[in-house]
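S.K.: Read off the chains here:
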Amino acid sequence: MSELRGRLASWDTVIIGVTVAVLIAATAGVENFGNGTNFTFLILDLLPIALIALPMTMIVITGEIDLSVASTLGLTSAIMGDLWNRGLTIEMIIPLCVLIGALLGAVNGVLINRLGLPSLAVTIGTLALYRGLALVVLGDAAVADFPWAFTGWVTGTIGGGPIPNVLIVLVVLAVIFGVVLHATPFGRSLFAIGANDQAARFSGVDVARTKFWLYVVSGAIAGLAGVLWTLRYSSARADNGAGLELAVVAAVLLGGVSIFGGRGSLWGVLSGVLLLAVLQNALRLQDVSGQALNIVTGVLLIASVLLPNIITGVRDSLHRRRLRAVPVKSS
Amino acid sequence: GGTSKGDDDGAAGPASTASADPNAAIKEGLKIAFLPKQLNNPYSDVLAGGGEVAVGELKGEYKLVGPNDAAASSQVSYINTLIQQQQDVIGIAANDPNAVCPSLQQARQAGIKIVSFDSDASKDCRDVFINQATTQGIGESLAKMANELAGGEGEIAILSATPNATNQNAWIKVVEEELKKPENSKLKLVKTVYGNDEDQKSFQEAQGLLQSYPNLKVIVSPTTVGIAAAARYVSSSNYKGKVAITGLGLPNQMREYVKDGTVSKFALWVPSDIGYLAAYAGAALASGQITGAQGEKFTAGKLGEYTIAADGEIVLGPPTEFTAQNIDQFDF
Amino acid sequence: MSVATAEIRKNDKKPRLRIGYVVRQREMGIVLALVVLVAYTAINQPRFLGSQSITDILLNTAILAVLASGMAVVVITRHIDLSVGSVLGLSAFTVATVMQDNQGLPMVAALGLGLAIGAVAGVVNGALVHFGNVPALVVTLGTMYAYRGLTYSWAGGQQVTADEVPRHFLRFANSALLGVPWLVLIALVVIAGVGLMMRNYRIGRELYAMGSSPHAAGLAGIRIARNTLVAFVISGALAGLGGVLYASRFGTVDASSGNGYELQVVAAVVVGGVAVFGGSGTIWGAGLGALLLTVIGSALAVLDINQFWQQAIVGALIVLAIGADRLVAVRIARSLRKRDSHV
Amino acid sequence: MTTDRSASSGPALLEVLDVSKSFGAVAAVQGVSFPLFAGEAHALVGENGAGKSTIVKMLAGVHRPDTGTLRVDGHEASWNSPAGAKAAGIAVIYQEPTLFPDLSVAENIAMGNAPLTRLRQIDRKSMRATAEALFTRLGVRIDPDRPARGLSIADQQIVEIAKALSVHAKVLIMDEPTAALSGVEVERLFSVVRSLRDEGAAIMFISHRFEEITALCQRVTIMRDGRHVCTERIEDLTVDDMIRRMVGRDLSTLFAKQDVTPGEEVLRVEALSRAGVFRDISFTVRAGEIVALAGLVGSGRSEVMQAVFGVDPYDSGTVTFLGKRLRPGNPRAAMNAGMALVPEDRRQQGLVMDLSIERNVTLPRAGALAKLGLLFGGAERREATDWTRKLQTKFGRLSDLVGTLSGGNQQKVVLAKWLATGPKLLIVDEPTRGIDVGTKAEVHRLMSQLAADGMAVVMVSSELPEVLGMADRVLVLREGHLVAELSRADATEETVMYAAMGQQVTA
Ligand SMILES: Nc1ncnc2c1ncn2[C@@H]1O[C@H](COP(=O)(O)OP(=O)(O)OP(=O)(O)O)[C@@H](O)[C@H]1O
Ligand SMILES: Nc1ncnc2c1ncn2[C@@H]1O[C@H](COP(=O)(O)OP(=O)(O)OP(=O)(O)O)[C@@H](O)[C@H]1O
Ligand SMILES: [Mg+2]
Ligand SMILES: [Mg+2]
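Chains as they are written, first to last, in this note's numbering: chain A, 1 to 331; chain B, 1 to 332; chain C, 1 to 343; chain D, 1 to 507.
Calculated directly from the structure, the hints in this document are not laboratory data.
Take the hints with a grain of salt, since some may be wrong.
As the list claims (entries may be wrong) - Computed spacing ranges between beta-carbons, pair by pair:
id, chain 1, residue 1, chain 2, residue 2, range
1, C, V330, D, S22, 50 to 56 angstroms
2, D, S191, A, R315, 49 to 55 angstroms
3, A, A208, C, R171, 54 to 60 angstroms
4, C, F131, A, N85, 51 to 57 angstroms
5, D, D280, C, F131, 51 to 57 angstroms
6, C, G323, D, S316, 43 to 49 angstroms
7, D, A275, C, N44, 46 to 52 angstroms
8, B, Q109, A, R315, 31 to 37 angstroms
9, C, G323, D, L374, 37 to 43 angstroms
10, A, A303, B, G261, 51 to 57 angstroms
Where is the CB? At the ideal position from N, CA and C, for every residue including glycine.
With the hints as extra help, turn the sequences into a complete structure.
M.R.: If you want it as structure tokens, here you go:
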């Protein structure tokens with residue numbers, strides 16, 4: 001019973017509930033929201049954010065951050081275009097791009113975990129660096145002539161129905177990340193690192209190595225997202241995905257992951273991603289400008305941390321008052 | 001094995017098979033939506049304004065949507081929304097000819113007519129393209145103005161919009177061709193820079209040009225944002241009077257610089273007419289009057305009759321040149 | 001314990017190495033980098049040192065430097081303010097609109113309005129951080145969206161263009177006092193003022209203390225609530241001021257003005273030697289960081305280096321700056337541990 | 001209350017009246033009262049965890065007493081923040097240094113009451129002069145312009161002292177200010193404190209060194225397990241009296257150490273050194289043996305054992321465990337080989353407070369519990385239930401956050417966590433710090449039992465009775481050097497203490 005109450009009080013449960021409620025409301029109240037094609041668009045729109053949010057969840061749970069993801073996406077997209085222009089086969093380019101993403105992540109990992117630099121500062125630096133390199137690679141050109149077999153697959157759906165092919169990729173990866181985070185020794189160690197990295201070290205967790213690999217994975221997924229982005233828009237450009245990093249961080253925080261680490265769940269984050277995408281989609285269908293959504297996002301983000309704080313604050317002060325109320329022994 | 005560049009995998013795009021009925025009546029209540037490159041751009045505003053007037057005349061439903069940034073991918077979500085809303089016509093100025101293509105294809109499969117204007121999408125994903133002037137015409141006009149302002153010889157530079165802007169790139173190509181002609185042989189194009197159609201970036205790019213090329217005589221900016229920013233910089237710097245600015249600009253934005261002598265000549269078509277023509281072309285498509293094939297004709301309200309040229313192109317007409325003498329006659 | 005058995009401490013004999021100077025060398029490093037860069041560029045392109053060129057660079061630095069000064073204050077306090085770009089946009093658009101509607105309004109009113117808008121935004125940030133107990137990164141990421149959304153939903157697709165605002169408002173950015181443009185003067189005054197406050201006034205030192213050790217700051221009886229608010233108000237107000245300068249300088253303003261500016265400001269601060277974990281760095285360092293970033297941009301343009309390299313170089317520089325900072329800190333710590341140990 | 005108010009002292013300057021303070025389930029201070037008189041130095045003594053620092057923090061306004069009052073000059077004091085206490089004329093030196101690492105030493109000293117120039121700017125010159133004058137008074141040379149970062153613990157402590165002296169307080173409270181200082185500095189400090197005392201300030205002094213207490217103080221309050229034992233004039237008590245009242249129980253009955261014949265050698269440490277921390281440490285441990293590591297606070301015991309386990313690096317020397325050399329700096333390897341370390345700082349090193357009891361118990365074992373790399377709900381739960389039951393841990397449910405448990409039960413969770421790994425060598429650092437008497441006995445019984453079953457145990461402890469009661473052998477560390485190895489028979493309070501302090505036994 002008290003366990004149930006504990007779960008109910010935690011923010012990620014709340015956000016899942018809110019998401020479901022908004023989904024129901026939008027399906028019922030917004031014309032064209034519930035139809036299959038719109039579902040396809042919804043998934044295609046949230047795909048890159050959802051993908052990158054998977055490793056980002058882990059990184060934030062360990063108390064770090066990676067702001068370079070969108071630039072990694074842009075750089076892999078640019079490299080993809082360049083390699084394609086050079087005549088490599090797409091079957092080679094795709095794994096190569098994921099690998100390059102991993103490499104870019106490894107650079108972050110070394111800077112942060114070997115040299116012990118703060119991740120916020122490092123990844124702001126590599127955010128600029130990778131985006132710059134993307135411009136160096138592809139300049140102002142755009143590469144667009146990717147084969148239809150691939151671009152069509154990315155934008156296509158399973159059997160022409162409402163379920164986009166890429167949802168398979170997302171579901172498979174989400175399940176893998178979910179299991180790793182919530183049901184493996186590695187996942188356990190991530191929470192321990194985030195909540196108290198010293199204690200984790202004393203328990204035999206190799207903190208630096210663990211975090212290093214998280215950045216590698218984050219880079220690889222950003223690379224994959226870069227490939228999918230490029231294929232979806234049939235356009236490899238240096239500015240692909242610019243600004244996406246903050247949307248991802250916002251979704252992760254909205255999903256109930258503590259920015260100080262140690263707390264959060266992948267399901268919460270995925271519903272955070274979904275919530276933002278649904279709101280955006282539904283509001284656009286209602287001809288509400290995308291700008292109003294900026295306000296909604298911002299307010300939701302702050303509320304997601306503020307509300308639990310207020311609740312615990314009120315509870316504590318009530319508790320203290322009760323203690324005071326006990327008559328004090330006089331000497 | 002594997003798929004590499006140049007392999008033709010038979011790109012699938014639905015080909016239009018419908019035939020036109022030139023006598024079909026224009027339907028009333030058509031839902032016509034405009035999707036410019038980005039919303040907060042005065043040029044886009046004026047342009048869509050013309051569309052609104054036309055949609056009013058056609059007794060249709062007008063809608064204006066669009067992103068706040070001119071990134072390649074940000075128009076896609078809006079196209080998808082318009083498909084959901086079952087619009088009849090989408091008028092679009094594409095930020096990237098290819099990025100919007102798959103979505104436009106989907107729109108066409110859903111029976112929506114696509115009219116691209118101002119900046120074309122790939123040929124096979126729209127029905128017609130409203131070209132403000134022929135690419136050749138604009139390019140020649142830009143080169144001519146540059147030549148006049150430079151006095152026949154010297155260094156010139158180009159300040160463009162985004163590096164991927166279809167129309168700007170096409171014009172620049174024509175300018176480059178023009179410069180090879182004997183009458184322009186003493187002109188030297190030293191650099192092309194991109195202000196991304198952002199005021200601040202264009203401003204700073206203009207600065208950079210003047211610093212790097214002290215002997216620069218003319219900056220040609222084939223974009224309204226760029227020319228205004230460059231003119232503003234020059235008018236406030238000590239380059240004023242030494243460097244001429246020309247290109248494509250909005251009279252209202254440029255009036256001040258024409259009057260203070262920074263700019264003596266620039267050109268533009270009447271942007272509201274593009275929107276106006278786009279709306280009529282869309283309505284004609286949606287009503288079955290035309291299909292976008294070469295040679296088809298339709299009437300666009302006050303603008304009169306137009307004929308579709310090759311590749312579904314519809315040319316608005318020649319650009320107007322603005323000078324201190326005539327600028328006060330225009331208000332847009 | 002008998003006094004006789006105790007050893008004489010080693011540090012009684014050796015003269016102290018003056019660590020303070022090492023810290024100051026961080027800024028000297030930037031100055032050096034600046035000098036090298038300017039010298040190299042000037043040799044290749046003498047016009048780089050022309051008066052118009054210098055004026056342009058200073059003008060371009062001014063707004064960034066004003067925002068960086070405010071950001072430095074917040075970062076020194078171990079917080080961050082990601083909302084500055086949005087505050088700049090809000091202020092720029094509001095001020096431009098007001099000036100458009102009231103052509104006669106003097107410049108001072110515009111400046112005051114911008115400062116006030118920014119200060120209010122800063123109060124909201126600071127209050128959420130302190131009283132809401134929400135990390136600054138979350139708060140200001142949230143208000144970054146919210147303030148931007150506010151501007152958008154109010155401005156819509158409107159744009160205020162240069163020809164719609166009063167002449168004196170536009171002229172302000174370019175006119176000069178004794179040859180120094182007003183914009184640059186304002187930036188210098190801001191850097192000097194905020195720098196003085198942080199260096200020589202109690203509140204400034206308390207902000208350093210809070211950033212250096214929040215726990216110890218609580219024990220020392222520092223007024224955390226007031227100081228946190230002050231830090232965010234300074235950052236907000238300066239972003240607001242930046243908005244006015246932006247509107248005046250560029251004339252054309254829309255709802256997206258200053259979009260993405262926050263990362264550039266953070267970069268300037270970090271390059272300027274302000275540690276992201278608070279407690280160290282100076283305002284004039286942040287100003288130098290802003291100048292260095294701008295000069296790099298201009299120099300790369302003038303040197304005719306492919307403009308696409310510019311951003312990559314800036315990124316590499318940021319990483320380098322953080323790395324160098326860390327290296328110095330580690331080396332100092334190690335040498336001190338060895339020197340002071342009794343074993 | 002056994003307060004002895006001698007006529008000479010007059011009314012109390014500061015009075016602690018029946019104050020209590022609990023942290024969750026831990027009653028740190030319960031109904032303690034004592035007075036501080038002007039012109040007197042008052043010692044507060046008690047074992048680790050007796051509640052001394054908690055009293056200090058209440059006086060300083062960091063904690064608010066749950067019940068009870070503080071009185072200054074006969075009026076009820078009403079501060080609830082450090083700033084309030086400061087304004088009331090109370091200066092505090094905390095047990096852990098509270099410096100601002102990035103600010104200069106002079107600024108650290110002046111923070112909060114820096115001298116100002118006419119323009120209300122900070123007067124750096126006079127600030128530096130003040131710092132220099134204080135350092136001269138304390139007989140040390142620290143550059144007032146250098147940042148506090150990188151100061152040695154001793155220098156940090158001196159800066160703390162200077163900070164407290166700079167405010168000319170009515171009441172000066174010092175929580176173990178001498179723990180890191182050498183003799184010269186202690187002498188200087190005492191002469192300064194004596195002159196303050198003679199000028200009419202009230203001094204409260206906390207130390208574990210009795211010779212310091214007898215040298216400086218006129219009055220002493222003894223605490224045990226959060227309770228007030230007595231307040232007496234210092235000359236009315238011998239050191240032995242103080243210790244007996246502090247410990248308050250009969251050593252022989254409390255610890256049920258069984259006799260064991262040591263088996264094979266399990267651990268061999270040879271010539272282990274780490275610059276600035278410890279040097280040339282060699283010892284061995286055999287199966288079934290409990291080896292105690294004794295020494296003063298800061299003598300390097302914890303660092304040695306952390307280096308052995310691999311969480312800290314070392315510069316030279318070897319660690320051989322079960323006949324194999326252990327790689328340095330790799331706790332995982334040590335763990336897998338069968339070593340376990342229960343660290344001294346439960347809150348920082350031992351437990352992840354924001355995780356559940358279950359997750360904490362199984363954290364080092366998660367890999368072993370996983371099947372096919374996956375952790376199914378049952379395995380961790382069974383393991384945690386098993387071990388918490390064995391250690392009779394009291395808690396609501398396994399999914400409760402470990403931070404909600406009482407200190408003693410937290411300690412049991414740490415023990416459970418490491419015993420679950422089935423170690424051949426158990427290193428316990430301050431195994432009973434901050435836990436109650438009953439639990440203490442239980443822990444000791446458990447350790448004795450484990451040793452009897454053949455486990456080797458290394459116990460770092462600052463509690464002499466514990467050392468004497470439990471250990472088969474006692475190693476004594478002083479300033480990073482191993483200075484004595486005493487058999488159970490040779491180890492007495494005197495021999496251990498004198499070895500730890502670096503003086504010969506003169507009988
Ligand atoms: N912030 C806190 N939260 C929870 N428990 C605490 C806290 N501070 C102290 N305690 C507990 O209160 C008890 C008394 O601690 P205190 O620090 O007062 O002891 P002490 O007498 O100063 O010991 P030592 O000689 O080791 O310094 C201990 O059991 C400790 O674990
Ligand atoms: N991070 C550090 N940097 C520098 N010196 C340190 C550091 N940590 C500990 N020391 C020093 O190392 C020495 C040994 O400290 P350690 O904590 O091992 O002592 P201990 O004997 O275990 O005492 P305790 O009773 O506190 O456990 C002390 O002089 C301490 O000041
Ligand atoms: Mg204590
Ligand atoms: Mg220890």
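S.K.: For every hint, state whether the structure bears it out.
M.R.: Evaluation of the provided hints:
Taking the beta carbon of each, C:V330 and D:S22 are about 42 angstroms apart, not inside 50 to 56 angstroms as hinted. Distance hint check for D:S191 and A:R315: the Cβ-Cβ separation is about 52 angstroms, which falls inside the suggested range of 49 to 55 angstroms. In this structure, A:A208 and C:R171 meet the distance hint of 54 to 60 angstroms, their C-beta atoms being roughly 57 angstroms apart. Remark: the range hint 51 to 57 angstroms for C:F131 to A:N85 is upheld by a beta-carbon distance near 55 angstroms.
Separated by about 55 angstroms at the C-beta atoms, D:D280 and C:F131 satisfy the suggested range of 51 to 57 angstroms. Judged by the Cβ atoms, the range 43 to 49 angstroms given for C:G323 and D:S316 is violated: they are separated by roughly 30 angstroms. Distance hint check: the CB atoms of D:A275 and C:N44 are about 50 angstroms apart, consistent with the given range 46 to 52 angstroms. The supplied range of 31 to 37 angstroms is broken by B:Q109 and A:R315, whose beta-carbon atoms lie about 56 angstroms from each other.
The given range of 37 to 43 angstroms is respected by C:G323 and D:L374, whose C-beta atoms sit roughly 39 angstroms from each other. The supplied range of 51 to 57 angstroms is met by A:A303 and B:G261, whose beta-carbon atoms lie about 55 angstroms from each other.
Figure legend: structure checked against the earlier numbered hints; hints not met, in rising order: 1, 6 and 8.
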